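Each chain, written out:
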Amino acid sequence: MGVDPIYDITLKTNEFVSSLLNQIFILLGIPMQFYEIAYITIMVLLLFLVFLLDVLVIVWLERKLIGRIHHRRSVTETGPAGFLQNVADVIKLMAKEDVYPATADRFLHNIVPALATALSAIPLILIPFGPGLYLVDMNTSAVLFFAITTLVPGIVVLAGWASNSKYPTIGAFRAGLQLISYEIPLSISLVAVILMANSMNFINIVEAQRNIWFIVLQPLGALVFFIVSIMEVERSPFDIPEAEGEVLAGWRIEYSGLKFGLFYGTEYFKLFISAAAFTLLYLGGWYGPFFPSAMYFILKVHLVIVMMIWVRVTYFRPRPDQLVSISYTKLIPLSLLNLFWVVVITPLILPYF
Amino acid sequence: MSNVSNLKETTKQELIRALGKDIEVRELKWPRYIGFNLLDPTKIREVVKVLKKLGYAQPILITGVDKPKENIIELVYKFNRIDSAVISWIYVQLPRDNPKIPSITPLWKAAFPHEIETYDLMGVIFEEIPDLRHVFLPWDWNLGFPLRKDWDPSLAKKYPWWEMTRKFYDPFTIPSDESDDIYYISVGPQHPAVHGSFRLIMKMRGDTILEAWPDFGWVHRGVEKICENKTYEQIIVYTDRLCYGSSISWNLTYTLAAEDLLNIEVSERAKWFRVILVEMQRIVSHLLWLAALSGDLGTFHSMFLYPLREREKLLDLFEKACGARLTYSYIKLGGVGILKHAEDVPDTWFNELKDVIQDLKKKVKEYIDMTGNSETFLIRTKNIGILRGKAAIEAGATGPVLRAGGIKYDVRKVDPYLVYDQIDFEIPTGKVGDVYDRWLVRINEIIQSIHIIEQAIENIPKEGKLYQKVPPAKLRGSGEGFARTEDPRGEAAIYIVGDGSNKPYRIHIRSPTYINLTLLHFLLRKAKFADLAAIIGSLDPCMAEVDR
Chain A
1145 MGVDPIYDIT
1155 LKTNEFVSSL
1165 LNQIFILLGI
1175 PMQFYEIAYI
1185 TIMVLLLFLV
1195 FLLDVLVIVW
1205 LERKLIGRIH
1215 HRRSVTETGP
1225 AGFLQNVADV
1235 IKLMAKEDVY
1245 PATADRFLHN
1255 IVPALATALS
1265 AIPLILIPFG
1275 PGLYLVDMNT
1285 SAVLFFAITT
1295 LVPGIVVLAG
1305 WASNSKYPTI
1315 GAFRAGLQLI
1325 SYEIPLSISL
1335 VAVILMANSM
1345 NFINIVEAQR
1355 NIWFIVLQPL
1365 GALVFFIVSI
1375 MEVERSPFDI
1385 PEAEGEVLAG
1395 WRIEYSGLKF
1405 GLFYGTEYFK
1415 LFISAAAFTL
1425 LYLGGWYGPF
1435 FPSAMYFILK
1445 VHLVIVMMIW
1455 VRVTYFRPRP
1465 DQLVSISYTK
1475 LIPLSLLNLF
1485 WVVVITPLIL
1495 PYF
Chain B
6 MSNVSNLKET
16 TKQELIRALG
26 KDIEVRELKW
36 PRYIGFNLLD
46 PTKIREVVKV
56 LKKLGYAQPI
66 LITGVDKPKE
76 NIIELVYKFN
86 RIDSAVISWI
96 YVQLPRDNPK
106 IPSITPLWKA
116 AFPHEIETYD
126 LMGVIFEEIP
136 DLRHVFLPWD
146 WNLGFPLRKD
156 WDPSLAKKYP
166 WWEMTRKFYD
176 PFTIPSDESD
186 DIYYISVGPQ
196 HPAVHGSFRL
206 IMKMRGDTIL
216 EAWPDFGWVH
226 RGVEKICENK
236 TYEQIIVYTD
246 RLCYGSSISW
256 NLTYTLAAED
266 LLNIEVSERA
276 KWFRVILVEM
286 QRIVSHLLWL
296 AALSGDLGTF
306 HSMFLYPLRE
316 REKLLDLFEK
326 ACGARLTYSY
336 IKLGGVGILK
346 HAEDVPDTWF
356 NELKDVIQDL
366 KKKVKEYIDM
376 TGNSETFLIR
386 TKNIGILRGK
396 AAIEAGATGP
406 VLRAGGIKYD
416 VRKVDPYLVY
426 DQIDFEIPTG
436 KVGDVYDRWL
446 VRINEIIQSI
456 HIIEQAIENI
466 PKEGKLYQKV
476 PPAKLRGSGE
486 GFARTEDPRG
496 EAAIYIVGDG
506 SNKPYRIHIR
516 SPTYINLTLL
526 HFLLRKAKFA
536 DLAAIIGSLD
546 PCMAEVDR
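Line by line, the protein sequences are chains A and B.
Just so you know, we're using our numbering here: the first sequence kicks off at 1145 and counts up by one.
Just so you know, we're using our numbering here: the second sequence kicks off at 6 and counts up by one.
Don't read these hints as lab results, they were simulated from the structure.
Because the structure is a prediction, the values reported are computed rather than measured.
Hints should not be assumed to be uniformly reliable.
[To be verified] Below, a list of computed lysine-lysine pairs in the DSS-like style, where the Cα atoms sit at most 27 Å apart:
1) A:K1474 to B:K359
2) B:K368 to A:K1310
3) A:K1208 to B:K208
4) B:K436 to A:K1310
5) B:K533 to B:K436
6) B:K533 to A:K1474
[Said to hold, decoys possible] Derived CB-CB ranges, DEER-like:
7) A:P1224 to B:E324: 53 to 63 Å
8) B:P351 to A:L1443: 50 to 60 Å
9) A:T1247 to B:A161: 33 to 43 Å
10) B:L215 to A:V1231: 27 to 37 Å
11) A:E1241 to B:W354: 45 to 55 Å
12) B:E324 to A:M1238: 56 to 66 Å
13) B:L59 to A:D1465: 41 to 51 Å
14) A:D1465 to B:P351: 52 to 62 Å
15) B:W35 to A:P1245: 52 to 62 Å
16) A:D1465 to B:N268: 33 to 43 Å
In this text, a Cβ means the ideal position worked out from N, Cα and C, and glycines have one as well.
Same shape as in the complex, but just chain B (with noise of 0.2 Å):
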């Protein structure tokens, strides 16, 4: 802890050294994080460079709040770090009828997804960002800002949803000027190769992908804004939805921060059994991506069924536990239970996921031979989609991704949650960050689950109940709520604010997928036509996730 008390008391000198009165201290609840308020917003960039100085590592997290009583919208940065839990939380206060800050994109690309959203979604004007256009919008969207609070919902059905696919090539008209080898060609919304749908704008000449740009918001629905007209335990079925590979995943990080801003605590119990579901879930999601990126390189390939045999089995756990494999619903607030039946599970339960565990051992032996130890799957994956060391932060990946370039980054190691200081696990890392290196990341992190699964059957108090219940009055809550977990695909985080009714006032989702897939812009440059399904297959995509 010494280490965070140090971390906190420089960045506060240095801070208020580079930037005199125009920065003051804001009380965190949290004492792991430290908060700031920036008096004045054009001095961002400054803050951003003292911050990079100190060794900050990436804008995790970028949002705004709208307060029309006070006539502001209050914008929140997140800096973390590689190699400590501090996050240092800028907040800034802008004018509401002309929100304008300056980008700091320039200085770090990884802010550039969180702008745009925010722009897209809140109104901020970012100054001089490379490219500030509707991100999940469309691209001619002028009804306003769906997230800001007057915003008002029959707009929507203004928009002339039926012209869209003639505005198709819309932002990225075809210059005339350039040469007669050059062509534009659009990969999705229908593409087998975007698991799901989002589209990319390749120019491209011959084989050879010249510049890609993501699109997104083919299947956005806007969960944030539904959230903020849900109770907090009604939300819980939303954060399902988000990813049908992570559902659960998404349960914990949703529920965490519930609970920080609501202040439940739940049994010893609860927390380990959480540890096991959210363990399984990672190998459900990996042995998925594992299928998938497998399809993608040969047509009906084996091992595009081999890892889904290995999933229905825990699938089939997950069922037997809340009566459910894909949504589960089965984190709630105060433990984990299916509201109605708030039961144990069974020690028979555990018994059988022991048989299924060491099972999966020998299979992904076998998945190892089928995809590693294959020389065709080698010279499909290896030396392409390269991203590394610096360039993966700076670039803003997290999760497999990130680790695969070197980085040995892990919010359960750094920033614990759970019982995970508790647990024995390694962070697999790659060298190259190819995407041969993604799949060796992942299929090492199955075995880690695997060790971390055995551990938290051994460990798992026999006493304590799974789920209390929280009384209704306990439901409602004001200030702040935070968490941040390791999702499959990256670092999951959801930021709550509460006013003290039994909604939330605002909830942020921070999608570590759509901060990857943006990635894409930089991974297939220079890359071959034929590399776009397995560097895209490599990201691991989940589109509900990213389209929130």
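Okay, chain A solo, but in the shape it has when bound (with noise of 0.2 Å):
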């Protein structure tokens, strides 16, 4: 695997992750069934920031991307090529004041930004990055994975809830609006992908796309899919809970500093974990030419989210209503037709693979 610069640094961190620790736990005689605790957790969290520094260029990409497809230039001033904005932005977040409505749930109005947060982010560890990279091998991390992401409009009707005024309680009904457009759809383009590779671990998913992906296999199903992961993460077109337009920001408008911050930094975590899995089912994971590689992932990966700015800055915004309808008479029967397509006809011309 020498030809695999990412596997190398994270075989490198994890040697000397181990080894720093065993010095460690010996220097200060910390019993040893600890040990797998304190090295899980410094993995997440080594992982977590590397995803934060990730993050930043995502922003970064989708500032300049939208920029130069506006015929503008973007950011230019802060950094090279503008790339510290992002963080000064970071900075003068922090340093806002934290207001918040006079009838709000306090508690919940503080907690609820931090849950959304941790939410979005858990995914991540069910994620695996290349052959061999991969925090948690479990035989239902798919469904695991999905399950998690579902929780996360639940937290925005909380946190439009938690406001106590009208125009966030507007944009949290309409946000569980969103979640019964899409889930539906989502859940049968899944079970697709699932029956297709014969199992619920993206590990073997990614392994049953070792020949030919899945997007070639089902394109009506990716499709669906990337359709459906534009709407579960809130980006524009299907921005309906927090349109600016109509409802301002929906359901995070009383949210500032911050609080804000971390909303605005779980769309992102929304956006990587969307265009991962959307990596992980259709696009043959780390699969590429010649040999298997992170490298791949971690490419396909962005190339996923610049379709999805892409389509962002060029489709208008579907009303509430229209965005069921779109659901429930376009994508739903779609992707029916796609199970119908996995489960009838692909048995008999995916042996000549």
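Using the supplied hints, reconstruct the complex from the two chains, each of which is provided in its own coordinate frame.
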């Protein structure tokens, strides 16, 4: 595996962390049964740190890309090509006053941003990044992954509720509406993938795409899943719960400063995680030409993100009732058609690949 | 012209037949308009009935002139027609201490915004009007009527402005007997959908708007009152600020009205050049509108930036011509020019304009691909906010909003000013009168404006001065001045009364957006909350012009 730099780096980090931990444990005389917990905690934190850095890259990428599509320059001043603008923004948000409405439920109002961030980052541990590069390997990782992401809109409803004013409440109910719109086609598309891979484990799903990616075998499912992913991360054109021109910022209008920053970060966590899911389910994960590598995975995830950004500036936002009708009259039939295709027709042609 | 004289004759005969001694003909200086003195104010509704039967379309302007010396307030009603340049002017004199007149709103919905405005600022009480309240002034204002001549401006300081926010919901206190699923929500004054600052108070059930009341006056600054204390040349600067989207159109409307009052003639070259400027402004305004609508329908959509990109090029041309990019003050009494440097524009400027327009032609096709040919745009704009045919005329709509409803009415054709009678262009119309049709009309108007500018560049006379200084002695006038033009947003009109001094005695500005925005009360009924932004955006609101 000498050709895979990410694998090498991870391996070296792993060796470094375990030897360091070992020495600390021996030095301080801590019982060895705590070793595993300490080790996992440190690795998760390291993963999260890398992830946060990547979010900064994604935000910068989005700004620059949208700027170029818009025929503007976007950020240019702070750092090389404006790269440090996001850091400056984070510092600005942290320095801001924490404002909350007088009628708000203060406990919920404070706790909800943290909850949302945590919940949207947890699926990260279930993602396998490359061959042999994963934190958790469990039989049902694909199902658990989507079970956790489904909880996030619940937090959004809670966030709108905690603000206790009109626009956030409307935004929160819109988020609920969006949830019932995307969840069914998403699940049906996922079932099709699971059936084709014959496993609920992400690693096995990727292994099943060793020869041919699922986007080729079930393009319809991939299309539905892509649309539904955009709905899930609440990005334009499906940013209905936080539609700027209609309900202002929707459910998050009453959150300012660091709380706003957490929600803003959550949006990009969700973006990354949706793109990662799309890559694992349809784009063959870490498989690419010549050799399997985590490099391919990272590259594909960012390509999917670029696609999502492109969609964001091209289409207009549908109305909430139109969203439900798109979902129930178009996406669900299409995903069912895809399921039929996977169950009945693909088994006949798959042996030839 | 025979059409005009026939119509004038029939109007005269019918009115005298119906009202007998209560009405008399008043001589006006314009051959295409006809004026009457109504001697008995209580008969105004009979006048309106006759005019409506004769096919008059809208009361385009209702305003009052306060005359303390004679102890009267003189009301002026102006009724226009769709098919002809004829306007019937009805003058009514009311006693100053108790100005009361029957409202014509029950007969003609379009009169409502004019009547409440006249009540608000002039203090004329219109009897039996559905909802007589202050529109620009605070709801509980009781410190006199600002447009009256004897009003003391220091009274404004006595009003407790800081208590305004507490009275936020005042006239629409929520009735307790209503069921639980009905709620009230306030959109604005700070809301991206309202394009400036006005407020909508909406009665909602779920996601459906049951009723909406627009509330104006958040940036009202009393331009009409300010103008009474400025000389005729100084006022031009204020007309710029009426609307950031169409400042040169307002320059033109005012200048035409003032030139009408002061009897100033301008050269042919200046007239043609004014046409070029006004049509450039129309394109600029429509591009801004397209950007704003796209911004409403999608978060930071590409179409929010693309029209602004082309708008910049036109603004650069404006800058090269007059030095300003937004508030030009370029059309002056006596021609077109900057006062101290009354120089002509160079020929290269026209060549640059040609290039920009050629480029714009291609770009308009791109816009159509991005919006009108995009399914996501169509589902958001089709069959919402419908206003068409007779209902649109009845409600008082003008400009693209009226034309989207299928009515071919354009002041440039009906009552041509400048040199529009020598120019070939079409009036784009829609069919259904929904938001999509308003988009269609405005996009086609951009194309027509390009066509007009091309003709104007071809035909503009090379000789003649753009600007000829008017001697100060000529800048004093008495009598009346009136001009109406086709503003990008609808029919703009300015009515000036002079008293012989170098300042106007009374000036009234008809804002097309103000009338169009009062239509929201009808357009938003049974609309979805999400359609709010599209419907408001389709009316092209410009709040500086509404709250003038």
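Q: Find the hints from earlier in the document that the structure breaks and name them by number, from lowest to highest.
A: The structure breaks hints 1, 2, 3, 4, 7, 10, 12 and 16; every other hint is satisfied.
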